[in-house]
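Sequences listed follow chains A and B, in order. Quick note on this note's numbering: the first sequence kicks off at 124 and runs consecutively. Quick note on this note's numbering: the second sequence kicks off at 124 and runs consecutively.
Each hint should be verified, as a subset may be incorrect.
Copies of the same chain look alike in the list, so a pair counts if it fits in one copy or across any two.
What the hints assert, rightly or not - Calculated lysine to aspartate or glutamate pairs in the EDC-like style (CA-CA distance at most 20 Å, straight line):
id, residue 1, residue 2
1, K457, E340
2, K457, D490
3, K457, D256
4, K208, E237
5, K241, D349
6, K426, D245
Read the hints as simulated data drawn from the structure, not as lab findings. Nothing here was measured: the structure is a model prediction, and the numbers come from that model.
Number of protein chains: 2
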Amino acid sequence: MTKRGNDAVLTGLRVIEFPAFIAAPLGGLTLAQLGADVIRIDPIGGNIDIGRWPLNAGGRSLYWASLNRGKRSVEIDVRKPEGRKLMQALITAPGEGGGIFVTNLSVDGELAYESLSKLRPDLIMVQLTGSPDGANALDYTVNSVVGFPLMTGEARAVPTNHVVPMWDIAAGLNIALAVLAADRRRRATGEGQLIRLALSDVAMATASNLGYVAEAEVNGANRQPDGNFLYGAYGDAFETSDGRHVMVVAISRRQWQALVRAIGVEEALATAATALGYRLDDEGGRYEARTLISAFFRPWFAKRTLAEVEAVLKDPAILWAPYRTTTQMLAEDKRASEWNPMFRRVDHPGVGRFLTATSPLDFSRADRAAPGVAPQLGQHGAEVLRELLDVDDARYAELAASRIVGPRR
Amino acid sequence: MTKRGNDAVLTGLRVIEFPAFIAAPLGGLTLAQLGADVIRIDPIGGNIDIGRWPLNAGGRSLYWASLNRGKRSVEIDVRKPEGRKLMQALITAPGEGGGIFVTNLSVDGELAYESLSKLRPDLIMVQLTGSPDGANALDYTVNSVVGFPLMTGEARAVPTNHVVPMWDIAAGLNIALAVLAADRRRRATGEGQLIRLALSDVAMATASNLGYVAEAEVNGANRQPDGNFLYGAYGDAFETSDGRHVMVVAISRRQWQALVRAIGVEEALATAATALGYRLDDEGGRYEARTLISAFFRPWFAKRTLAEVEAVLKDPAILWAPYRTTTQMLAEDKRASEWNPMFRRVDHPGVGRFLTATSPLDFSRADRAAPGVAPQLGQHGAEVLRELLDVDDARYAELAASRIVGPRR
């Protein structure tokens with residue numbers, strides 16, 4: 124059995140997932156990293172995301188290996204009626220922390236909530252879709268409609284996609300949240316439920332929560348792309364003399380004063396601001412004066428190497444950081460190293476040895492689950508079927524021979 | 124008392140928050156939208172984020188009004204010893220779903236976990252910091268170090284910040300998750316705990332979960348900026364003849380075939396691909412052929428208006444969407460309207476009337492909490508002190524006169 128923390132905070136919770144791509148597998152990963160027993164079910168040979176790039180030299184997906192760590196893997200052919208029955212039995216298998224099913228795929232018949240909850244009335248099921256009406260959508264086509272790419276990058280009327288699949292990430296965290304909220308209710312009432320979540324809703328709710336919708340409806344304004352400036356306070360990016368870049372931010376008065384003092388432009392900038400009618404004594408005023416401020420700061424950075432900048436901006440009140448590539452982060456930032464208890468350098472068989480994170484949440488009275496490795500596809504088929512359904516080795520061999528489950532691995 | 128769903132999934136949970144900016148208030152908002160009683164404590168007159176842009180014409184923060192909906196508000200001067208004692212008493216007040224405290228601010232003395240947990244041993248406290256060593260960091264200075272801005276935008280060696288505070292968003296969701304995971308454990312054991320979370324850990328764990336760290340350590344490769352192309356499969360952005368832009372994605376074979384058939388370049392593209400040695404029959408091959416594919420697609424979009432594109436790409440297997448500003452989203456996308464049960468157009472007193480979201484999670488056996496409005500600052504001071512600490516009106520007036528709490532509002 125896959126090693127998990129013995130006393131992680133969600134030990135005892137069992138989740139069956141039938142996922143693909145990013146959001147749903149990330150929901151399971153989040154729960155697994157807190158100690159839940161997460162069993163990923165895939166078609167024999169893997170789902171559509173099994174070979175997703177980046178790949179290592181041997182053709183193994185570094186993406187899949189990263190996003191499915193600490194889970195158990197079972198291969199089932201759900202196109203076959205017997206396969207569907209088997210998956211249904213796994214999902215509805217008895218056990219106090221069990222009866223939890225997460226999917227972003229289209230399921231019906233034996234795998235629909237109505238059928239599953241007949242067999243296990245306390246079933247918790249989370250169904251992720253692209254849109255609330257069930258229509259397809261994925262991170263990129265959700266992101267394009269909520270306004271952010273047209274606010275990103277240099278001022279011009281073309282969109283800039285960000286590369287992080289942030290709606291998938293937020294949806295994955297929402298899936299984990301839904302499971303725990305429904306489990307809390309189930310412990311109080313004994314009742315399970317179906318929770319629906321749409322990727323577009325995650326993105327649009329965020330646009331609402333952060334005030335973008337209010338800004339459009341109340342002020343009639345769309346946020347405009349504005350380079351690397353922060354909105355509503357002072358922040359900008361600068362190049363150093365050695366070709367590196369840094370991000371500098373000042374929100375509070377204390378942060379602002381520490382910054383201008385360190386750069387040594389306090390008086391000259393104040394004089395210029397007064398001459399141009401800017402007020403630098405609150406964050407809104409500094410935002411309005413942002414191009415002037417950056418004009419004062421830019422030459423200072425251009426004359427210094429990153430190391431020289433670092434030596435001067437050492438007052439902890441100054442908020443700044445270099446831009447780093449992933450490689451630079453690993454080489455320069457101790458937070459991305461084994462100094463950090465969240466990270467361990469782990470050997471992933473067949474995939475490679477690399478720094479691997481567990482949950483960013485550190486519970487004082489629960490073990491941090493190990494970062495873990497992803498299962499080999501189908502690795503736990505026989506083990507899980509025995510544990511949950513009392514399927515013995517002979518019967519597993521029959522099921523594998525009929526290609527209802529994957530071969531024993 | 125603020126109206127909440129009568130039977131939302133987290134009804135009965137009470138969270139005291141002492142937050143600022145985005146991540147911590149979003150953690151509280153997430154819980155409030157699922158029915159928790161979230162009480163936000165601020166210094167008298169508001170915390171540093173009270174006037175954060177965007178503002179409406181009357182100077183009220185649309186950001187604050189959006190991010191603090193459905194919460195109750197209490198003003199306390201925590202620089203005064205009596206204020207700290209009062210806040211301590213609120214946090215540790217009895218009640219089954221209470222004893223939960225969330226903050227991203229630096230707290231010590233009476234407000235440290237050690238002191239609070241002496242008074243209420245089952246206390247759950249979530250402490251968000253910038254870095255795991257407690258050093259300051261915020262979304263922009265965390266984002267700059269994890270590699271993403273140097274992978275965003277056109278191919279060039281300068282960083283492009285995305286505008287969405289995605290690490291704050293992910294941290295806020297992690298806070299809500301931490302509360303529910305610790306509450307689950309508390310219900311089983313009676314024990315509370317301190318949960319530490321660092322913003323940089325949220326970003327770096329994501330770089331690990333999505334395979335970026337593996338790619339750097341195993342393949343020695345940093346993902347390069349690549350315009351609006353998707354990575355590892357085919358996806359790109361195109362301009363239409365009426366100056367709009369669309370994002371088009373094809374991951375599965377079915378999506379790809381539906382797309383090339385609709386655009387009518389199936390054969391010509393196949394011939395060109397063969398001539399150039401590209402394989403179009405899997406997602407990796409299409410990724411390698413991406414500039415060729417886009418060269419075939421671009422003229423087709425350039426000759427058509429958005430409406431014409433929409434008329435042709437109506438096969439639900441085709442994944443595409445227009446780019447929209449926030450205003451266009453509200454005008455064109457029914458998912459961002461009251462058609463969607465997640466959204467209601469709500470009157471926010473003093474702020475404006477605007478479309479407002481509740482949780483994207485839709486529980487079949489629990490009410491969806493109303494989208495809600497943000498409290499007036501200090502609106503619930505007298506009410507909360509009476510409810511939790513039996514402070515009567517005369518005593519509240521004394522506390523307000525000594526400026527230990529805000530004036531009665």
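Checked against the structure, which of the hints given earlier come out wrong? Violated hints (numbers, rising): 2, 5, 6; every other hint is consistent with the structure.
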